[in-house]
Amino acid sequence: MRLWMLMIAIVVLSCISLFIGAIDIRLSDLFNGNTDKIEIFLISRVPRLMAIILAGAGMSIAGLIMQSLSRNKFVSPTTAGTLDAAKLGILISMLFITNVTYTQQIIFSFLFALVGTLVFMQILDRIKFKDVIFVPLIGIMYGNILSSVTTFFAYENDLIQNISSWLMGSFTLVISGRYELLYISIPAVILAYLYANKFTVAGMGEDFAKNLGLSYKLVLNLGLVLVAIISTTVVLTVGVIPFLGLIVPNIVSLYLGDNLRKTIPHTAALGVAFLLLCDILGRVIVHPYEIPVNVTVAVIGSAIFLFMLFRGRAYAKK
Amino acid sequence: MIQIKDLTKRFGKKPVVEDVSITIEPKTITSFIGPNGAGKSTLLSMVSRLLEADSGEVLLDQNSVRKWKSSEFAKRVSILKQTNHISVRLTVRELVSFGRYPYSKGHLNSEDEKFVDTAIEYMNLGDMQHKFIDELSGGQKQRAFIAMVIAQDTEYILLDEPLNNLDMKHSVQIMKILRRLVDELGKTVIIVLHDINFASVYSDRIVALKDGKLVKDGPTHEIINSDALRDIYDMDIPIQEQNGCRICIYFNSHT
Numbered sequence: 013m014r015l016w017m018l019m020i021a022i023v024v025l026s027c028i029s030l031f032i033g034a035i036d037i038r039l040s041d042l043f044n045g046n047t048d049k050i051e052i053f054l055i056s057r058v059p060r061l062m063a064i065i066l067a068g069a070g071m072s073i074a075g076l077i078m079q080s081l082s083r084n085k086f087v088s089p090t091t092a093g094t095l096d097a098a099k100l101g102i103l104i105s106m107l108f109i110t111n112v113t114y115t116q117q118i119i120f121s122f123l124f125a126l127v128g129t130l131v132f133m134q135i136l137d138r139i140k141f142k143d144v145i146f147v148p149l150i151g152i153m154y155g156n157i158l159s160s161v162t163t164f165f166a167y168e169n170d171l172i173q174n175i176s177s178w179l180m181g182s183f184t185l186v187i188s189g190r191y192e193l194l195y196i197s198i199p200a201v202i203l204a205y206l207y208a209n210k211f212t213v214a215g216m217g218e219d220f221a222k223n224l225g226l227s228y229k230l231v232l233n234l235g236l237v238l239v240a241i242i243s244t245t246v247v248l249t250v251g252v253i254p255f256l257g258l259i260v261p262n263i264v265s266l267y268l269g270d271n272l273r274k275t276i277p278h279t280a281a282l283g284v285a286f287l288l289l290c291d292i293l294g295r296v297i298v299h300p301y302e303i304p305v306n307v308t309v310a311v312i313g314s315a316i317f318l319f320m321l322f323r324g325r326a327y328a329k330k
Numbered sequence: 097m098i099q100i101k102d103l104t105k106r107f108g109k110k111p112v113v114e115d116v117s118i119t120i121e122p123k124t125i126t127s128f129i130g131p132n133g134a135g136k137s138t139l140l141s142m143v144s145r146l147l148e149a150d151s152g153e154v155l156l157d158q159n160s161v162r163k164w165k166s167s168e169f170a171k172r173v174s175i176l177k178q179t180n181h182i183s184v185r186l187t188v189r190e191l192v193s194f195g196r197y198p199y200s201k202g203h204l205n206s207e208d209e210k211f212v213d214t215a216i217e218y219m220n221l222g223d224m225q226h227k228f229i230d231e232l233s234g235g236q237k238q239r240a241f242i243a244m245v246i247a248q249d250t251e252y253i254l255l256d257e258p259l260n261n262l263d264m265k266h267s268v269q270i271m272k273i274l275r276r277l278v279d280e281l282g283k284t285v286i287i288v289l290h291d292i293n294f295a296s297v298y299s300d301r302i303v304a305l306k307d308g309k310l311v312k313d314g315p316t317h318e319i320i321n322s323d324a325l326r327d328i329y330d331m332d333i334p335i336q337e338q339n340g341c342r343i344c345i346y347f348n349s350h351t
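As you go down the protein sequences, you meet chains A and B in turn. Take our numbering: the final residue in the first sequence is number 330, and no numbers are missing along the way. Take our numbering: the final residue in the second sequence is number 351, and no numbers are missing along the way.
If you are wondering where the hints come from, they were derived from the structure by calculation, not from laboratory data. If you're wondering where the values come from, they're calculated on a predicted model, not measured in any experiment. From the three backbone atoms N, C-alpha and C, an ideal C-beta is built for every residue, glycine too. Among the clues, some could well be false.
[As the list claims (entries may be wrong)] Have a look at the derived ranges for each label pair, beta carbon to beta carbon: (1) B:232 / A:174: 46 to 56 Å; (2) B:220 / A:192: 48 to 58 Å; (3) A:205 / B:217: 29 to 39 Å.
[Said to hold, decoys possible] Below 27 Å or equal to it, Euclidean Cα-Cα: the simulated DSSO-like pairs (lysine-lysine) are: (4) B:163 / A:222; (5) B:210 / A:222; (6) A:274 / B:171; (7) B:101 / A:222.
Can you build the whole structure from these sequences, using the hints too?
Shown next as structure tokens:
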């Protein structure tokens, strides 16, 4: 697959995404100065598209970085407790700070995501049995433990409904003024690209990285900070989108390898295209209602994931 | 020059390397030999800074290796540990290019490219340079990693059991390449070997360890004799000379 093909796909899907929805907006409406429709277009459709692009690129790259640093193809923010820790962080901020501000939520969620992922990497360091499938299973269990803690305290404090809205990744509520946090992920993505070579070297192991004079711990920590930033911004604005950070980098790795400098642009582009497609499907299947994007991503994603597990076990192990 | 002085490393209370002092002669192949658990790999890891010593020091050009900057050290000393488990999908050329990382930080200039080309040619990897390393056989993979080390262009090349999992033909190929690196390019190679006969045929000096202690250190011909080998391995090993090579016939020794 070529980068330009993905780009064309993204442009086409973006246009479709802008012009479907409960209210019929045509290109001519925009040119004729139909103020109502232009307003909907700018307040709802454009922000939604931007959110999809930023979340799609961000989550895919976060997954790619985690797979490289953990040296396991099946580790991603969803299978390492990152997203669950971010959710726990939001809950804690709501419990302990009265009239919690958005900024405080962001900081709590970021710190929890970071520490949560760090703890998982520590666990990974200690276990002896590093099977490709065993490791993400531990991650999923770990995430579920964090998640059950969140649910327990949310239940005790009547915040369950609030919590489940973050559980559900959806672009339905994305309107102008409610998604701009996602722009923070842009510098994170750029940094990821600039550090791509370092992540690739770190992905070959600590001894290998040290041989080439790379400060391994520093790169590892920087990578985890980037993952935490991206995950936090996505969870707070869109919610949890499963599988994206898992399947997209793996597909790219299959045809392009693991040289991050080369794969990051493809991974971002494929992530955006895939998420756009899933969102569009969710919007047309039950038109004029919507299926949340996490459902469509999960259905399509889990099918691809299963396929990868069966067919790809050999490839991931090599 | 690399000097190892009174180096000691303990894992828990057990000393794995104890008071070892060796001087590595430049432009030679020095083999570390000894029974399992003698501390050979640990010693090599300390020389290359992958492990920190508990006491004693390793000097590179009279300066303790701990005081060297990582990026400068990586231009002087390279180490290749057992590489069979590396799972990253890179092409051979990409892998070799990462050998230039200490110089270029990943942005290769034309001089770096030249080093990469030379290394690939030297290891005879031209036709497979665009293949992924996970598609290569064990011997080809090992050659690719050595090509990377050649591109890294360090004076010292440290290898931890590079013949592991290789068949006879590929083992001989690798050892001949190491010999050429020393004889043609003036490198200094330190290598951990299991097979005493490869050590005997290809190395200039042999360092023998046993239970973490240095038992023998000298030119190959002084170590490869039945008396010295008895001290190292507790086995009676007859030696036969064939075309100038001393071969240890240990297969049916009394143990």
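Right, here's what the structure says about each hint:
1. B:232 / A:174: 46 to 56 Å: holds (53 Å)
2. B:220 / A:192: 48 to 58 Å: Check passed, 56 Å falls within 48 to 58 Å.
3. A:205 / B:217: 29 to 39 Å: Given a distance of about 32 Å, which is inside 29 to 39 Å, the answer is holds.
4. B:163 / A:222: holds (15 Å)
5. B:210 / A:222: Status holds; Cα separation ~24 Å.
6. A:274 / B:171: With Cα atoms ~25 Å apart, residue 274 (chain A) and residue 171 (chain B) stay inside 27 Å; holds.
7. B:101 / A:222: holds (23 Å)
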